[in-house]
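A.B. asks: Below are the chains, spelled out letter by letter.
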Amino acid sequence: MTADSDARAVAEAVARRSYGKLVAFLSARSRNVAAAEDALADAFARALTEWPLRGAPDRPEAWLMTVAKRRLIDASRRKRTADDAVEHLRLLADEAGGDAEAIPDERLALMFACAHPAIDPGVRAPLILQTVLGFDAATIASAFLVAPATMGQRLSRAKAKIRHAGVPFRIPDRNEAPERLEATLDAIYAAFSEGWTDPAGADARRRNLAGEAIWLGRLVMSLAPEEPEALGLVALMLHAEARRGARRDRAGEFVPLAEQDPALWNDAMIAEAETLLAKASRMAGAVGRYQLEAAVQSAHAIRRRAGTADWRAIAAIYDALVAMTGSPVVAINRAVAISHRDGASEGLAALDELVLDARLAEYQPYWAARADLAARTGDSAEASAAYRRAIGLEPDPAVRRFLLRREAALHRHGAD
Amino acid sequence: MKYLLMIYADETAMLAAAPENRTVMTSSYAAYIDAMQKAGVHLGGARLRPTTSATSIRVRNGKNEVLNGPYAETKEQLGGYFLIDAPDLDSAIAWASRCPGAASGAIEVRPVWDMQTP
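Those protein sequences? They're chains H and V, same order as listed. For the first sequence, the residue numbers in our numbering are 1 to 416. For the second sequence, the residue numbers in our numbering are 1 to 118.
Hints are computed from structural coordinates only; laboratory data are not their basis. Check each hint, because a few of them may be wrong.
Unchecked claim - Straight-line C-alpha distance at most 20 angstroms; calculated SDA-like pairs for lysine to any residue:
| hint | chain 1 | residue 1 | chain 2 | residue 2 |
| --- | --- | --- | --- | --- |
| 1 | H | Lys161 | V | Gly69 |
| 2 | H | Lys161 | V | Lys2 |
| 3 | H | Lys161 | V | Leu4 |
| 4 | H | Lys161 | V | Asp90 |
| 5 | H | Lys161 | V | Asn21 |
| 6 | V | Lys2 | H | Ala165 |
| 7 | H | Lys161 | V | Thr51 |
| 8 | H | Lys161 | V | Lys38 |
Could you put together the complete structure from these sequences and hints?
C.D. replies: Okay, structure coming up:
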């Protein structure tokens with residue numbers, strides 16, 4: 001390796017390990033995330049010019065911290081306001097007494113600030129990806145299918161809100177605000193889901209997103225080891241990720257969960273998910289949504305050994321999830337589970353209980369489930385109509401082709 | 001940081017409230033203000049007369065336009081405010097949630113623009 005690529009590799013490794021830690025530390029008191037990011041960007045740029053010449057420092061993280069801090073001090077010196085003067089003095093005091101070796105890890109507090117109820121829910125996941133992992137706005141925009149300028153605007157508005165509205169960098173007490181941890185986990189899961197919608201892994205940015213979300217989940221797990229829901233979330237993501245390779249056949253066609261070959265599932269990921277879930281169940285605190293969702297995936301994974309998923313358990317967990325969340329999406333999954341436990345008409349009856357609101361009318365899984373259940377009861381007219389609705393609502397071409405094949409099979413059987 | 005808590009409520013319902021409910025409201029607010037003062041967060045505040053007493057003024061092309069009524073007709077109206085000094089938004093939200101008006105109307109929390117910062 002050349003000195004240049006060597007330095008670059010060290011810088012990238014530090015960025016990966018410490019970016020969020022440095023942003024969190026540099027902005028925790030001023031709440032000025034944008035200024036911390038700018039200072040850090042300068043520090044990384046300087047590292048890339050200086051390290052190849054002199055070699056990477058022994059403690060690259062501390063080096064970057066010192067350079068970024070000086071940038072902040074310079075920037076605040078140029079300002080003349082009282083607030084900046086206070087900030088300036090604080091930075092100087094920090095520098096005099098600060099032990100760069102021991103940079104406190106305030107990433108969790110940063111994530112809680114990003115997922116604060118005062119921040120628009122849609123920008124929480126992008127904000128965490130940017131501040132904790134250092135993703136640029138364009139990368140995040142392409143992962144979330146938003147115009148880069150729009151995403152850039154949303155992110156800077158959110159940072160301005162954190163700064164000007166005084167959103168605190170603190171970890172709220174679990175009893176005081178359990179929904180705050182949930183909001184943080186939700187933001188991480190939203191990032192994972194965005195990565196998950198590209199099962200073929202054709203889009204590297206989105207595939208990475210799933211991996212990065214798992215990394216963030218692990219980070220929360222390590223910083224809040226008493227929170228069983230954090231373990232539940234990581235278990236859920238690992239179970240889903242374990243099946244990535246089985247979701248498409250060799251020709252790139254969609255394979256539904258029920259038809260996947262369990263031999264293609266990732267054993268190591270499933271084993272880790274199971275261990276986490278078992279650990280979570282032994283911890284204090286109520287069982288939350290993520291542990292239940294992970295338990296559903298666990299009951300699916302049983303198919304590896306038992307040959308069939310544990311539909312009795314899955315239906316029971318969905319009962320609990322419906323009671324907890326009231327989510328129509330969960331109710332659809334519950335109806336499908338009932339159909340496997342009791343029969344297709346029972347599943348269809350459970351689906352009929354759902355009030356068809358406007359959201360559901362545009363929700364592909366509802367129509368796909370309805371079509372499948374109707375087909376199994378032999379009602380090919382209704383199945384066909386529902387397949388058409390599902391096909392019309394599906395954005396993924398592979399899934400669309402799958403649904404079209406199913407619909408065509410319906411008519412073939414009908415003609416027999 | 002300084003925050004303005006703006007209390008929005010349906011003033012017609014407020015004015016039509018039964019006397020005993022009004023007494024409850026008055027003593028609740030008295031206790032709330034007392035708690036804010038004891039905690040050292042209270043900087044000021046007032047109840048406003050109904051929007052029927054409001055007058056809105058605009059100066060356009062050097063001419064005063066004086067209109068009878070509030071700036072905007074809304075379902076709920078600004079009925080009062082508190083200015084508080086709180087360490088951060090979470091603390092301001094906690095105080096807003098304790099405001100008796102939060103139970104029926106809404107409290108808008110706005111950070112005050114410190115004129116010394118850009």
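A.B. asks: Are the hints correct? Go through all of them and say.
C.D. replies: Cross-check of the supplied hints:
Annotation: proposed proximity of Lys161/H to Gly69/V is violated, straight-line Cα distance about 32 angstroms (limit 20 angstroms). Using a Cα cut-off of 20 angstroms, the hinted pair Lys161/H and Lys2/V holds, with the two alpha carbons roughly 15 angstroms apart. Distance restraint check for Lys161/H and Leu4/V: the Cα-Cα separation of roughly 16 angstroms lies within the 20 angstroms cut-off, and the hinted pair is therefore satisfied. Distance restraint check for Lys161/H and Asp90/V: the Cα-Cα separation of roughly 13 angstroms lies within the 20 angstroms cut-off, and the hinted pair is therefore satisfied.
Restraint check for Lys161/H and Asn21/V: not satisfied, since their Cα atoms lie roughly 38 angstroms apart, outside the 20 angstroms limit. Taking the CA atoms of Lys2/V and Ala165/H, the gap is near 10 angstroms; set against the 20 angstroms cutoff, the hint holds. For a cut-off of 20 angstroms, the pair hint linking Lys161/H to Thr51/V is broken: about 31 angstroms separates their Cα positions. With a CA separation close to 29 angstroms, the supplied pair Lys161/H and Lys38/V exceeds the 20 angstroms bound.
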